[in-house]
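Visitor: Listed below, chain by chain, are the residues.
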Amino acid sequence: MTRENMTDEASSPADGGDPTTDEMLVETSPTAGVSESDSGTAGGSRTLVEARNVNVWYDDDQALNDISLEIPENRVTAMIGPSGCGKSTFLRCINRMNDLIDAARVEGDLFLRNKNVYDDDVDPVALRRRVGMVFQKPNPFPKSIYDNVAYGLEIQDKEGDYDEIVERSLKRAALWDEVEDQLDESGLELSGGQQQRLCIARAIAPDPEVLLMDEPASALDPVATSKIEDLISELAEEYTVVIVTHNMQQAARISDKTAVFLTGGELVEFGDTQKIFENPDSQRVEDYITGKFG
Amino acid sequence: MARTDYQTSLSELRGDVLYMSEVVAERLRMGLDTLDRKDDDLAREVIEGDDEINEMYLDLEQDCIDLIALQQPVASDLRFIAASFKIITDLERIGDLAVNLGEYTLDAEQDLFPDVDVQRLGDVTLEMLDDAMETYANEDADNCFDVADRDDELDAMCEAASELVMRDLIQSDRLDEEGEVESTMQDVSRLLLTIRDLERVGDHAVNIAARTLYMVENDDELLY
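First to last, the protein sequences are chains A and B. Numbering follows our numbering, with no gaps: position 285 of the first sequence is 285. Count along the second sequence starting at 1, add 294, and that's the number in our numbering.
Source of the hints: derived by calculation from the structure; they are not laboratory data. All C-beta atoms in this analysis are idealised placements derived from N, C-alpha and C, irrespective of residue type, glycine included. Misleading hints may appear alongside valid ones.
[As the list claims (entries may be wrong)] With a Cα cut of at most 16 Å, we get these calculated EDC-like pairs of lysine to aspartate or glutamate: (1) A:K275 / B:E511; (2) B:K380 / B:D299; (3) A:K275 / B:D514; (4) B:K332 / B:D411; (5) A:K292 / B:D299; (6) A:K275 / B:D513.
[Stated by the list, open to error] Residues from chain B that keep clear of chain A, each with C-beta distances beyond 12 Å, as calculated: (7) R297; (8) E316; (9) I341; (10) E342; (11) D371; (12) T383; (13) L400; (14) A442; (15) A450; (16) V475; (17) T478; (18) L486; (19) R490.
This is chain B alone, in the form it adopts within the complex (with noise of 0.2 Å):
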């Protein structure tokens, strides 16, 4: 095979987008984590580790700028390279995201609405999250299409969620006890942002799983 360094470059580059998303995969767990067990010491695991996450995503954006100048990609490798180069992105947010479950954990003060499982829709979004980067480890075209079928069922489950917030809210007494209303402000809208972040993970997963798309097939179906 000709290019021998080039396509150990493209190579390489692959793996290194798939470690960048095993790291923000686990960024994410242990930010649900620290939801699960109001954990301070894990939240600021996932907070300070954000450095990392961001200082990987700016050597892949670098290699892929590299690759696009020095190698003057084309057809299957330019979609490679470019692909790439916008799941990283995605990838980033991610881990921003992840960082955000931190701060609110470090921030929540109390646990008021038990009937929503949070961790039901982070399982679901790492799901969306793997499936998503295994399609483009496997160049699977088939399951990108399944990934943004779930994102459906997804958004479904976060607006149930957030109903069952507000409905909760309306209908107790909280914000009728003195003292309490700035404090239980606070924690709802927590929750909610919480709700409304793990939907936006199950959103890059899709953007991960159209990008592949187009990776492997030219098809541009599921950008936006």
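Next up, chain A with everything else stripped away, as it sits in the complex (with noise of 0.2 Å):
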């Protein structure tokens, strides 16, 4: 399935495309564990994805439970909390990655641009196209720098001057000036910050809309991590971005929604970031972000 008729798709309750009726169904979605003040669009930013009470399961272990939330376009959203609260298991449900565990069960409604993602007539393999996936451990291929980026391109038989496509994926990933004249060299060459550029260079390259983040600079010192925090504000110029980490810092520091979730896969609060750090709603938020237990 293509991007377009994904897109095009009329199974959602809003039929995709519409402003006014994006609108409508931002302003009349469930928003269980969101603040009030949260709901609908964010700071002018419209909805990009959406989950309505989301479960997963694995096996008889429910890993999330009844998640509602709103993802705004072309913003950093932050997931926080715990180990095993299930921040990365709901990351993973937006581009169907828990599809590839056989124990994952997964129920509720996920809309990218107002298409469930979780249709029958959704191919996963397209729509991980649209969303983009670096992982906390740089990852690139055993291959030269060109081709890590090119690779995506390539597994799609999608049409285009690569040359300026890796170009630009480098440029935008911030890694360009390093590595222009050595682009044939292999990318295990490069330091530990330099591959997880390569891995967001790769992840971009196919411009997808959504670029999922796990825990995608804790691997790495912190000049490194500075220049992924650096890198991330500026790709949230062009993609909608949505990231997991351990650093509650790091996630006050460059996001501008944060959703908390804590044990037992609940998401407990979801909202600016600003609010989140400097006056949250619920008491087990503030004793969570505080330091008080956790």
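Got two chains here, each in a separate frame; can you build the complex from them with the hints?
Guide: Written out as structure tokens, the structure is:
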């Protein structure tokens, strides 16, 4: 399934493409666990990803418990919470990575631009072209820097000037200046921070709408981390970024919205990052972010 | 409870700010006593004691900076530290105003206006300061508004006192007495400055209540 026919599918309760209908959907959608002031559009940005009553089980263990939230377009949304709270599970729901886990069972609705990604007619592979992902540990292929970036384009038979796309992707990933003279060298020769930016370049080369990042800087030193953080802010101008991080200060620094998951796969609070870190509504969130538990 | 050392540091900061407020309130009381009794020795004690308050202020400022830099506080902890950071500035200024009272005492030559009840003004400001610090100690948002309301009364009292001085000065024949003009004007100025300084103590007490309200409720209603 291509991006076009996914977007044009008519199975969503709010058919894609009509801004008026989209806004009506946003205004009337359920917002369990979401601050009232944060429902609907966020800072003038439209909702791109919307979860409605999403539940996930791994065999008999419930990993996500009735999650509803709306992720705004062209913003950075952070997912924080203690280990095992379900934040990475939620991230993997967005591009159906959980499909790859036999024991995983997903219920509920998850819309990408008003199309339910769990509808039978959605091709997960096509979905993942629209929803790129960067993992905790940099995982470049044992190929040249150029081929690492071009790989995603090749397997999609994507047309276009690969040289131009590779250069643009490396520039967007803030890596071009460091590697432009060594594009034929192995991606594995780069430093950890450079490898992670190479993976980001690879993820954005197919020009996805959403970029999922699962602790992208946790394996990096402070300098490499700060480069990734700067990069994330810049990427949000082009893409919708959803990041899972254990580093609460990182979430505070780089995100516009923060979702706090707590034990049991529960979304306890979701709202503007400033509000979450200065005056959260939930005492449980207050206790978690101030370190009184967890 | 996690982060035990951090929680201990927050408790210590609260205790140290309250201790500083007790020292400052004591100095203000002493400053008022010096005016009441024309006690030059006590006045010098207040003036010389300002270094101690300044050092306390600098130490607590550093404690706040350390907590922010090293512990990355958020939410209510962050508001507590931010409020404490501002409150110690108000306390340090009140200490300066107590010093002013001591200096006025040393310079004063005569009590020209016995009708102006400086001690009453001082008592009101001390009560406001005590109550403001009590809101901080007890995280009592409700009484913050009470402190702010009383500042209006204090302002009215100070304005009435200043008018009394000016009216008495105009109506009396003190300025007609040869050789008395300069010393009279200096004493009048000192009295007006005393009234103004006590009014400013009230303002600082309101600031403390306002910061406490922000600290407790994330409410900036009393901040200017």
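Visitor: Next, verify each hint and record whether it holds.
Guide: Consistency of the hints with the structure:
1. A:K275 / B:E511: Answer holds: A:K275 to B:E511 is near 13 Å, not above 16 Å.
2. B:K380 / B:D299: Answer violated: B:K380 to B:D299 is near 23 Å, above 16 Å.
3. A:K275 / B:D514: 14 Å, holds
4. B:K332 / B:D411: 15 Å, holds
5. A:K292 / B:D299: 11 Å, holds
6. A:K275 / B:D513: 13 Å, holds
7. R297: 4 Å, violated
8. E316: Given a closest Cβ separation of 28 Å, the condition holds.
9. I341: 41 Å, holds
10. E342: 41 Å, holds
11. D371: 5 Å, violated
12. T383: 21 Å, holds
13. L400: Answer for B:L400: holds, closest chain A Cβ roughly 47 Å.
14. A442: 21 Å, holds
15. A450: The claim holds: B:A450 sits with its nearest Cβ about 35 Å from chain A, beyond 12 Å.
16. V475: Holds, since 58 Å exceeds 12 Å.
17. T478: 55 Å, holds
18. L486: 43 Å, holds
19. R490: The assertion about B:R490 holds, with a minimum of 36 Å to chain A.
Of the numbered hints given earlier, the model fails hints 2, 7 and 11; all others are met.
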